[in-house]
Amino acid sequence: MPTLGRDEEVIQGAYGIDLSPRVERLRDYVLNDATWADHYAPRAWLVAESMKQTEGQPPLFRQAAALAHVIRNYPVTIREGELILGYQQHESFRGIGWLEFDNLTNGERREALRNHVQNLSIPDEWKQKVFDAIDYWREHPRVIPHFWPQTPDYISRDTRAGVYFGGGGSEGHTVPGYERVLRHGFHAILEQIDGEIARLQPWKPDDQKRKLWLHSVRLIAAAACELGMRYAEELRALATRESDPLQAEEYRRLADICERVPARGARTFHEAVQSLWFCHLIMGWEDGINANSFGRYDQYLYPFYAADREEGRITEDEALELLEAFHLALYKSYDVQQATIGGQNPDGTDATNELTYLFLEAMWRVNLIRCLSVRVHRGTPRRLLESAFRLIRRGGGVPFFFNDEAIVPALVEKGIPVEDARQYAIIGCVEVTIPGKTNPHAVSHMMNVAKCLELAMNDGKDLATGEQIGPQTGTLADMPDIEALWNAYKLQLEHFARHAVELSNQGDLAQPFRFPLPYTSILTDDCIARGKDMTDGGAHYHYHSTCAIGLPNVGDSLYAVDQLVFKEKSVSPDELLEALKANWEGEEREKLRQKVIHRLAKYGNGNGDVDRWVERAAHHYCDHMATYTTPHGGSFHAHLFSFVWHLDCGRATNATPDGRKAHDPLAYSVSPQQGRDVEGLTALMRSLMTLPHEHAAGSSSAIIEIAPKLLDEVSLDKVLDVVQTAIDKGVGQMQFNVIDSATLRRAQENPEAYSHIAVRVSGFSMRFCLLDKTMQDHIIARTKHEEM
Amino acid sequence: MHSPEHPHKSDSQIPSTAVKGRIFDVQTFSIHDGPGIRTTVFLKGCPLRCVWCHNPESMETEPDVGFIPAKCIACGQCTLVCTHEGHAIVDGRHVFQRGLCVRCGSCTTECPTGALELAGKEVTAAWVMSEVEKDRMFYERSGGGITLSGGEPLMQPEFSAALLRLARDSRLHTAVDTSGYAGHTVFDRVTALADLVLFDIKMIDERAHRRLTGVSNRRILRNLQRLLRDENGPKVWLRLPVIPGQNDSPDAIQNLIDFCASLWGNPRLEAIHLMPYHRLAESKYQEFGKRYLINGTHPPADEDISAIIRRFSERGVPVTRS
Ligand code: SF4
Ligand code: SF4
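Protein chains in written order, with our numbering: chain D, -7 to 780; chain X, 938 to 1259.
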């Protein structure tokens, strides 16, 4: 038997057997203490309380005042053993925390909310306050002004048909400039705001507007300066009551930290982490969890860590414990609070540092999956990849890899200076921003390109209903060659792209009226200098990223049509169209479908003839989106990413010539259609390499499913070689999902969809090998081991 | 007994690129067939008949027709093309009458579902190399290259030699995975072109070897001795399959250990790998209508393999599990 790898020993010591008692306890709080989970209630009544006091004031001012009120009054809760203080708004987004957005004139909705609150494990007195807040909003419903009174009919029709959807707004999905608070504190921000106020020339109309904005955001900065102090007071009170002198001492130590941050710049690593956490808490009160992310925390925390280590103020173990506590404070069962580690420095050198590894180590030890992305480039140390794969092996698909070799040039192409581009960070799942400088309008709208192809084959009409949705670009029968279909596809897509951009830009322009983001704005360059909200053109960079969904299906389909209809001429255009309309039903049609699936090349197998079509479609999308402009002069960044919308888009799309049945899912992002990549990891990578990642400034994304066997001690090295080659060749983003027993159970029911699951055994040819019970046992033997 | 007569004995005048051979798979990302990431070319035909063979589709020189009932939709397409009544649809179900099949392959290109597949096609060395070249970037990163496996590559010496020459010319690391069963001229000529030989040793006892593989191992052992004597020859990795109930008796293992101990220290011999039995071939036997004589055999327990490794190391021979 091979000697157990280091990793396996740790797995067997499940849940990091050597966690400190403190971290064990914190972990237990997170997993088992329900009161904590319901701790989001206070924002509801605090906002209403403030609103009562500011009636008649301008909306922006009222919103800022409400947030300041929340910061000043959110109950301080401290539990023994905590190193990082303060509870995060726990609800994911816009539930009772955001009553102002709710439709509380509706009695049923009110009732539902009341029941929800009744069942929360919070004090009765809190419940009463939430009920009062519900009543307040019932009586004073928030009128949300629309930039445009109505969505145009054609947009409603297109979105109903599932061609595109989205809203163009920019709430959530940012990486604010927390670094500045860590270094200089909120006082510095307050001073900057006051400086701008002092320089105002209010007789100028623009400055009138700036004045309102600056005075509003000032309330938030001022309240933020006091946040730590409230904790410090509570901690000192606890220290006086505490009988255990050690615990009392700890409270006093924490009080010192909170007295300092976030008002002033942090002096130690612990202060920096606490300051970061306070900054992020306020973010949650403004805008919810909502994919607001941390950015490159291994980078901006590093100077504090290095100085502490230098001065002997902290050991590596203490730092690790702190990061574990931070990790736990952040933990959500569904989490899109992304953080980014590794990557390049602004000068292009490698930025990996000890904290990069410590963050991975903390995540490993705490053993709760959360969002984490590792930026990689040609100069990424092998050791970093190894550490990342140690986590990947455990399942859960994290960390993700983002490739600087693709994303930096893509951003530069959009006019972002290379030094800034090299500072990019990840938001939410797979979105790209320049931290602290950007309003990125992530996932601004989603384009179902497979639907565009459907319409291109059928004169703009839905294949099932016959409804005319797109322009009349002819039917397949009118087309002399594949280029004609390609042109029709482009016409359809470009037609809908114009509408979708209209939707995005409309959402963008409505945002400052709908929901400005004053707190995010004061942490985003150049909002304060311009006296403008980030939603209103205040940010240094603003762009939209828009998703193309179904590119692999479009490529496979174009290739199939070319082969069958134009090259082999084995199928007439009408036969094919009829087969698609009939959803491949009927004996001959099923035969045709089987032939398409099994006998025609598919994207994902390193076959240039078919990959070329996916590349072409992706390239066209990137180029085409580059022709549009956002309201504040930004550009549209192509985002080759589907999140989970390939399911929705699939539901909206009829049968496609790649053999897919109507309403079945489309391919995830730029991964091959499930089960169609059967040639192994290197062939898949070759396909991915053909795509224009370096033009997709919104990032591409690929999930690569991998049998745990391939990550054992013998094989991992070779997988890493593949990954490094993919990095060299500019594959944009990669996520490795280790196949688990649940996947294999699904595979048992539907082996065809899982024919991409491969193993490698010396001298063994897989080609004619079925994914049968025996093979599953072979894979699962390992999986069980991993899951212990 | 089986004289490895090559079916396409080619004129040595023809360029390597044009030499033809019969293969049944080109497998990329092969990671256990030599150093680094490799593409393994599986050549069809083998003079041995090991009862545990995990590539049953490799044994015969002729093409083999594989049939997977689970994939068949009984569409009847195959019945339309077969001129030998190999297929029939009976009561809406498809029946493959293998006995009537002459392995012409027509049905396998027509079957829309992939239920029928042909193992064994004739290709040129140039075609194989164009496939192999696609993964060059991965070989370069990992120190990998091309491995000839099978089947028995030495059964198609012209073709193997052509592939190895072409691979060498384009600076790829070359390996040959062989049973060692070939005439010494062929053996020397082909292995001389390889950087590495993966040499299978299945059993030391000659009678048992004959019983389990159909051939004597005398030639094999002699070839190995010669290979290790050649100072300019390729590196050698010995590969020892461990098949429970077949070649893993204490005596058999002891013989292997003694044998390996006698070789260990030879500068050509780089590594010795144990290759524990696995059951993945089971479905292939069914698919190709071949009898799997050791059906029901379980892979050896991890403990058993480690025990063997320990016994080797007690004799000073480091052995790893492949
Ligand atoms: S052609 Fe293939 S799918 Fe159709 S009946 Fe024959 S074996 Fe079955
Ligand atoms: S391989 Fe040829 S002979 Fe055999 S079943 Fe198919 S068509 Fe008939």
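Hints are supplied without guarantee of correctness; some may be wrong.
Unchecked claim - Covered stretches of chain X, as calculated for chain D (at least 3 residues, CB under 8 Å):
id : stretch
1  : 1046 to 1054
2  : 1067 to 1078
3  : 1188 to 1201
4  : 1215 to 1221
As the list claims (entries may be wrong) - Dumping the calculated EDC-like pairs for lysine to aspartate or glutamate here, alpha-carbon to alpha-carbon at most 20 Å:
id : chain 1 : residue 1 : chain 2 : residue 2
5  : X       : LYS1227   : D       : ASP764
6  : X       : LYS1008   : D       : GLU582
7  : X       : LYS1008   : D       : ASP517
8  : D       : LYS406    : D       : ASP517
9  : X       : LYS1008   : D       : GLU580
10 : D       : LYS482    : D       : GLU607
No lab work stands behind these hints: they were computed from the structure. If you're wondering where the values come from, they're calculated on a predicted model, not measured in any experiment. Glycine residues also receive a C-beta, built at the ideal position from the N, C-alpha and C atoms.
Review point. Would you say the stretch 1215 to 1221 of chain X counts as covered by chain D, given the rule of at least 3 residues with C-beta under 8 Å?
Key: holds (count 7)
Practice item. Below or equal to 20 Å on CA atoms is what counts here, so check X/LYS1008 against D/ASP517. Key: Violated - the C-alpha atoms of D/ASP517 and X/LYS1008 are around 60 Å apart, more than 20 Å.
Check your understanding: How does the coverage statement for the stretch 1067 to 1078 of chain X fare against chain D, requiring three or more residues with Cβ below 8 Å from a Cβ of that chain?
Key -> Result for this restraint: holds, n = 5.
Practice item. Would you mind confirming whether the straight-line C-alpha gap from D/LYS482 to D/GLU607 stays at or under 20 Å? Key: It holds: about 14 Å lies between the C-alpha atoms, which stays within 20 Å.
Practice item. Measure nothing beyond the straight line between the CA atoms of X/LYS1227 and D/ASP764; if it is 20 Å or shorter, mark the hint as holding. Key: holds, 18 Å
Exercise for review: Count residues of the stretch 1188 to 1201 of chain X with a Cβ under 8 Å from any Cβ of chain D, then say if the count reaches three.
Suggested key: Violated, because only 0 residues of the stretch 1188 to 1201 of chain X bring their Cβ atoms closer than 8 Å to Cβ atoms of chain D.
Review point. Regarding the pair X/LYS1008 and D/GLU582, is the alpha-carbon distance no greater than 20 Å?
Key: Within the cut-off at roughly 13 Å; holds.
Practice item. Take the C-alpha atoms of D/LYS406 and D/ASP517, compute the straight-line distance between them, and say whether it is at most 20 Å. Key: Holds: D/LYS406 and D/ASP517 sit about 18 Å apart, inside 20 Å.
Practice item. Between the stretch 1046 to 1054 of chain X and chain D, see if three or more residues pass the 8 Å beta-carbon test, and mark the coverage as holds or violated. Key: Per the Cβ count (4), the hint holds.
Review point. Is the straight-line distance between the alpha-carbon of X/LYS1008 and that of D/GLU580 20 Å or less?
Key: The hint holds at about 16 Å.
Comparing the model with each numbered hint stated earlier shows that hints 3, 7 do not hold.
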